[in-house]
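Keeping their order, the protein sequence lines are chains A, B and C.
Using our numbering, the first residue of the first sequence is number 1, and each one after it goes up by one.
Using our numbering, the first residue of the second sequence is number 1, and each one after it goes up by one.
Using our numbering, the first residue of the third sequence is number 1, and each one after it goes up by one.
No lab work stands behind these hints: they were computed from the structure.
Treat the numbers as computed from the prediction; the structure is a model and nothing was measured.
Accuracy of the hints is not assured; some may be wrong.
Pairwise CB distance ranges, derived in the manner of DEER restraints [stated by the list, open to error]:
#1 A:Ala388 x C:Pro65: 47 to 53 Å
#2 B:Gln70 x A:Leu249: 36 to 42 Å
#3 A:Ala388 x B:His134: 57 to 63 Å
#4 C:Gly87 x A:Arg481: 54 to 60 Å
#5 A:Gly366 x B:Gly243: 51 to 57 Å
#6 C:Glu40 x B:Asp270: 21 to 27 Å
Cβ atoms here follow ideal geometry from the backbone N, Cα and C, with glycine treated the same way.
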Amino acid sequence: MLHDLSIGALADRLAAKEFSSVELARHFLARIERLNPALNAVITVTAQEALADAARADARMAAGERGPLLGIPLIHKDIFCTDGVRTSCGSRMLDNFIAPYDATVVAKLKAAGVVMLGKANMDEFAMGSSNETSYYGPVRNPWDTTKVPGGSSGGSAAASAARLAAFTTGTDTGGSIRQPAALTGITGVKPTYGRVSRYGMVAFASSLDQAGVLAQSAADAAAVLKVMAGFDPKDSTSVDAPVPDYPALLDAPLKGLKIGLLREFFDGLEPRNAKLIRDALAVFTALGAETVEVSLPHLPMSVPTYYVVAPAECSSNLSRFDGVRYGYRCASPKDLTDLYERSRGEGFGAEVKRRIMTGTYVLSAGYFDAYYLKAQRVRRLITDDFRAAFEKVDLLAGPTTPTPAFAIGAKIDDPVTMYLNDIYTIGANLAGLPGVSAPCGFVDGLPVGLQLIGPHFAEARLLGAAHQFQLATDWHTQRPRGYE
Amino acid sequence: MSNWEVVIGLEIHAQLATRSKIFSGSPTAYGAAPNTQADLVDLAYPGVLPVFNGEALRMAVKFGLAINAQIAPRSIFARKNYFYPDLPKGYQISQYEQPVVGQGAITILLDDGTVKRVGVTRAHLEEDAGKSLHEGLANASGIDLNRAGTPLLEIVSEPDMRSAKEAVAYMKKIHTLVRYLEICDGNMQEGSFRCDANVSVRQAGAAKFGTRAEIKNLNSFRFVEKAIQYEVARQIEIIESGGKVVQETRLYDSDKHETRSMRSKEEANDYRYFPDPDLLPLEIEEGFIASVRATLPELPDEKAARFARDFALSTYDAGVLSASRELGAYFEAVVAALGQPHAKLAANWVMGELSGMLNRDNLDITASRISAEALAGLLKRIVDTTISGKIAKEVFESMWSDGKAADAIIEERGLKQITDSSAIERVIDEVMAANPKQLADYRSGKDKLFGFFVGQVQKATGGKANPAQLNELLKSKLAGGQAVS
Amino acid sequence: MSLTRQDVEKIAHLARLSITDREMPVYVSSLSSIVEFVNELSRVETADVEPMAHPLVGQHQRLRPDAVTDSDHHEKYQRNAPQVQAGLYLVPRVIE
């Protein structure tokens, strides 16, 4: 079936004219129409634009052009500004917002000839680990629709897992690509901070946010990342370093690769999860890698650190949503204060308000040193721990999440319990490191993800390791029942 | 009031004269239709990011070097968080810790001729806010974000000033300096140069400062002086009648000549400063600083000292002539054409007649209707006694209105001075003969009548008798002696 | 360390968020538990550790050339505005 093909295979067959880009787009649009209602993964379907994109791709191919993403259908997380198309960030605040420009990531993928099928549901303003905070309702996990798909890129993950597009884009601030990828059985990549432009990606926590990809395999992700990555002069935090040819580097042998196993990751891990991870590591050692025990002593502090830094930055980033120039405005404001308070109070959901208030608190006079400054110091300690570990090993490996997908509604009432879902992923964001989650098995029929973390700009090595793992296993080819 | 001491600190906001804004590529030109110079970054759209204009850094460093300040090797942008409609992001990108420019100082010339050092605590970069307009809008305010994102250099003085006049002198000095450095056009009507004044009073000799009030957005030297004077009187009155001065922000009402409390900023704002995560630390290297230093022009104090020294001018005159680079250049061009020995003459005319005309017609020196060379041409005719100083003034006025050269006017109107002694003597004789009573009175002791005779001779000669010769000859003839030819 | 209702009201005002009376206790309780959770940080020894604002090593701010690169698109942008008149964004009257 068309939706089973890898990006490479699709590109080849499009070039061989086995089918056209328009036919491919129609195929996926039909799947979305049929399968999305049960998942609520896609909140805006751009059927007309998709067919126009596809026709343009067909014309380019007819003119002799070839490209790895030419004519390939995708869905963008609704956090990326897409010119002329609603960009909601999963929030009532932007329910009426038609972005007047393309994010750099969107523009780059467009230039490569992708076909945009629509915008994916997400936790509101990327704040959440279960995609239950969206104004548009929760997203359901295709493996079990009573369960969450993870978040905040829950819609992207569910759409990818259900093969509603060839791949989807997401963002990862505390694990928001890796964690939902793990819970939905797909491959998610969070690049090094600064590798991919943040221009046009609505900001949550500026020093942590990164754009990435959720795909069927490391090989597919490599093809996409090669296009997404690169220096952007419009983003001052974008790094001016050449982008490696990730697809060409996937086959680098793993012999001699040193993989660090974090003691802190394995402490207290649920036994069946732990077994899957150890089995996965055995695949690596069989391929010639060696595992080394390492410890990042400050890592357990990563969640409290994150929940000071991220809210602080977001409390400031979200101040621009005030009902004046775009977005939601309350009815009949009686004065300026009322305009602000009610537009924001009514426009934002509870988790967003909680984080804005947390952030406002930790930055406020009298608390700044004890919270914000303190957290940034602990952040440095965590980063130093990682750096020390990478002097001994090439990659770190462990679980992506503490448990597989949990039930919708199970954790949403207690923020701190929800926050602890990110316990394995957050450290990489604090240190700006790249991370990949790849499927490595099932517990009770629900996917489990293996996480690999590398030093700065080690995406090629991470993708290569994940790719070699996927050549030796077939977890990533499994389909949720009903979505074959 | 003699036991009260006034303490003033000024925060000056100078708009830097860059072509584009500090964090976006929008133009900074003044006067465009509302919101036509506000791009996505200026409008704080979701997803946009700031990118820093290097020219703003160059200009800030230039200023720092001109006031002999420390330039930070590493400088950080910080977010100042508060809600206001002219601040679209809900925060201003500014600097808090590690500003670009650290401690420096300038000197000001006081009325009594003494020189006073005024410290500058720091100068930092930040972005300007937009504007709120109220006219013609019922129950609403209209926000124009054209100005949002224009680069500002905020210059913070030490609280070293002790009177409104000192504050104005400091403000004028900074104004002159930023224009010399070509980092700011200093146009106060357009809002390129604004000042907030922090004013407090205390008993002379007290160790601590009194509670201060901040008067915002003063955009003329006159307003600064008047606002401070009003505020000082207001604070003294409060204290003397047993009250306490409240720390608050006030506005100067130039119609009512008073300061009043700003209602909208009454609550103390917790700005929650933190380093802006969208911008990286600025590394300011020695090489960069050296390249900026190489572009420093001769500074106002240096120029004034040189004028005083080379042209034997008073400190005051040298100061006036160096108030702008253009005026200094004009003056020097006059001297170059006229000759250094006559620098004082040039100085008097530039500060006197020329400045008078420029003021009358509201022109800047760069728009002077008489060029430096042309003025020198006129002054040469005084020096060579072709005309008297008095006649020269008439010629000057004609030059200004008709645009003709001095020589042409002198020739056309036959204004050459009479320097032939016998010709002058003949006229003196005629005047003396025509006024026997005054002659008798003068000779009997009424010295004041000397002026009468001078006037009569000048009347008869159409003002062209050389004054010095006339004086000498007249004195001699009136005394009854024989003229000496 | 628990937050009081007054604390939360103050924070909500600083952040310009309206919180209804009904919602208030929920926020007081959840914010208190979050603050308690992050208080864990006080247990970490951080004397002489520099705060880390950016994860980028050895990077400093790039300087953009001083060039005008934008043209006027206000009509397009103002299509998103809730209230515009004569090119101005309208808000309730601001009294200074």
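Any of the earlier hints contradicted here, and which numbers? The structure breaks hints 1, 2, 5; every other hint is satisfied.
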